[in-house]
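When you get a sec, could you build the whole thing from the sequences and use the hints?
To convert, note that position 18 of the sequence shown is 18 in the numbering used here; the numbers rise steadily by one, no gaps.
These are computed hints drawn from the structure, not numbers from a lab.
A hint or two may mislead.
[What the hints assert, rightly or not] Pair by pair, the computed Cβ-Cβ distance ranges are: (1) Leu40 - Glu11: 30 to 40 Å; (2) Asn19 - Trp62: 13 to 23 Å; (3) Met37 - Leu12: 28 to 38 Å; (4) Ser7 - Ala39: 28 to 38 Å; (5) Ser59 - Thr5: 17 to 27 Å; (6) Glu9 - Val42: 29 to 39 Å; (7) Leu14 - Asn64: 11 to 21 Å; (8) Leu12 - Leu40: 14 to 24 Å; (9) Ser21 - Glu68: 15 to 25 Å; (10) Lys8 - Leu40: 32 to 42 Å; (11) Asp58 - Ser24: 20 to 30 Å.
None of the values given here were measured: they were computed from a predicted structure.
C-beta atoms are modelled at their ideal positions from N, C-alpha and C, and glycine is treated no differently.
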Amino acid sequence: MSTNTLSKETELRLTEFFNNSIDSKSMAKTIRQVNYMLALNVIREDGFLKTETINLEDSFFWLNQLAEALDPYLDVE
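Written out as structure tokens, the structure reads:
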């Protein structure tokens with residue numbers, strides 16, 4: 001896993017976006033719904049390129065990580 005540092009401007013924009021623009025639980029729910037729809041489309045797609053499948057697997061992982069950061073749903077015991 002790489003650790004990229006964000007510029008101060010990017011950090012400020014992200015903080016403003018997540019604090020003022022959206023509800024984190026709604027955003028997490030939307031991310032999970034989009035991930036689900038993408039997964040269904042990939043499963044149903046015939047002849048999907050292997051390289052694209054790998055890229056989508058990575059995308060699903062990172063979108064789920066973002067959803068968990070916004071609203072920890074899977075970590076609840």
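Of the numbered hints stated earlier in the document, which are not met by this structure? Violated hint (a single one): 8; every other hint is consistent with the structure.
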